[in-house]
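All chains, please: the whole structure from these sequences, using the hints.
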Amino acid sequence: MKRGPAIRLDEHRPALRRLDRRMMLKHSLSVGALTMLTGCNLQDGDAVDRVLWAMSRWNDRVQAWLFDPNRLAPTYPASAITEPFPFNAFYPVDDAPDIDGDDYALEVSGRVADKQSWTLAKLRALPQEQQITRLICIEGWSAIGQWSGVPLRLFLERIGADLRSRYVGFKCADRYYGSIDMATALHPQTILALDYGNAPLPPKYGYPMRLRAPTKLGFKGPKHIVAMFVTNDYPGGYWDDQGYNGFSGS
Amino acid sequence: MRVTHWVNAFAIVCMIMSGWMIYDASPLFGFRFPAWATLGGWLAGAVAWHLAFMWLLVGNGLVYVIYGLLTRHFRRSLLPLWPREILRDAGDAARFRLEHRVGEYNAVQRLAYVGVLTLGVLATASGLAIWKPVQLQALTALFGGYEFARRVHFAVMAGIVGFILLHLTLVLLVPRTLPGMITGRARLPAAPPEGPR
Chain W
1 MKRGPAIRLD EHRPALRRLD RRMMLKHSLS VGALTMLTGC NLQDGDAVDR VLWAMSRWND
61 RVQAWLFDPN RLAPTYPASA ITEPFPFNAF YPVDDAPDID GDDYALEVSG RVADKQSWTL
121 AKLRALPQEQ QITRLICIEG WSAIGQWSGV PLRLFLERIG ADLRSRYVGF KCADRYYGSI
181 DMATALHPQT ILALDYGNAP LPPKYGYPMR LRAPTKLGFK GPKHIVAMFV TNDYPGGYWD
241 DQGYNGFSGS
Chain F
251 MRVTHWVNAF AIVCMIMSGW MIYDASPLFG FRFPAWATLG GWLAGAVAWH LAFMWLLVGN
311 GLVYVIYGLL TRHFRRSLLP LWPREILRDA GDAARFRLEH RVGEYNAVQR LAYVGVLTLG
371 VLATASGLAI WKPVQLQALT ALFGGYEFAR RVHFAVMAGI VGFILLHLTL VLLVPRTLPG
431 MITGRARLPA APPEGPR
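For the protein sequence lines, the chains are W and F, in the order given.
If you read the first sequence in this note's numbering, its first letter stands for residue 1, the second for the next number, and so on.
If you read the second sequence in this note's numbering, its first letter stands for residue 251, the second for the next number, and so on.
Some hints here could point you the wrong way.
Computed, partial: chain W to chain F, Cβ under 8 Å [claimed, not checked]: (1) M55; (2) A73; (3) P214.
If you are wondering where the hints come from, they were derived from the structure by calculation, not from laboratory data.
All values reported here derive from a predicted model rather than from experimental measurement.
Every residue gets a Cβ at the ideal spot worked out from N, C-alpha and C, and that includes glycine.
Below you can see the structure in the form of structure tokens.
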């Protein structure tokens, strides 16, 4: 039997390459079609949700890397303050908790040396910082406000917190809870705010104390804080646990 | 090149649809996008989609730009851009007299493609400006501050959507361009029959 001309791979390489590319395209398109069909919302735990959660954790790392502990958020003159400053919570404004300041005591726990609780009078006796900064909500809107209170770094140092710990967590009187990374907790503009404008925080803005960190989105600043803890275990947060990006830095 | 086109098509649609849902959480103007046109289910889902697919969009865009520069695809296909040629080709196109030359862009196409690439760069930059208004505050300031940057981001989206509508309309009018964009082999009008190899 006569043998035909030998098949040389080189001659067919372009065709193979074309085929290869076409298959790749086809696969990517079908994956695309699949993702479009499922109603992915970070709540079902399906494959796409797992990818989205993984990307969100990746974005946490990128943002932590991007975070400059010395870069200050822009500040504004008093004339730039938004009037009225918007109320925002997971409940209507009338449901904001009513807290008696005389009974109030902030509980402190976790990786700290001094776990005694703090009355408002003791908190107000600490050095206070004031800022006029922009609060940016994950919904997209922003508003400029004036807050003052105790720098969180100073407070953490005062209670002998282990500053190498990874997170500071907060529990609130309105069932809200939240946490921030230690780098943000030590940022000079991160404060435990006691005042809005020149008066104690009204209930709608988080009486008697809220966290104010202008390097974070608004939901990372819990209001009506009643307990604080320092930990290495990721504490999550009310919105974070439902799918909002955990770092959510600005 | 073609792979980056389709990856980009997928990524930009995801970005636009999830972006519309983020917009709906706090509309800048007096309207909302209908829920069926959005992606993510709710705000957290939409933000997760938007911040996940930005990596695909930007990564793919970088591959495209680097490839376009290295192979001189940009200089060959997208330049020159002379107003006189653009006006001439636009006039011809309006009278349906513009010739479709396979593998070569007319001046209006070149303008549209350079324009949409510019919009892509602006979308990325304004997006970074509103994602990182503290860490990248110089960029945010360049866009006129956070609130103005939001509007720029919206306007750039509108421009890209406009381009996509025009682009799809033209593909519908000249459908024989589509197979070539998928397989890489342009179908030539009245091509000579293929001889034996």
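Structure-based check of all given hints:
Satisfaction of the interface hint for M55(W) is found here, the shortest Cβ-Cβ separation to chain F being roughly 4 Å, below the 8 Å cut-off. At a threshold of 8 Å, the smallest CB-CB gap from A73(W) to chain F is about 5 Å, leaving the interface hint in force. Hint status for P214(W): holds, given a least beta-carbon distance of 7 Å to chain F, under 8 Å.
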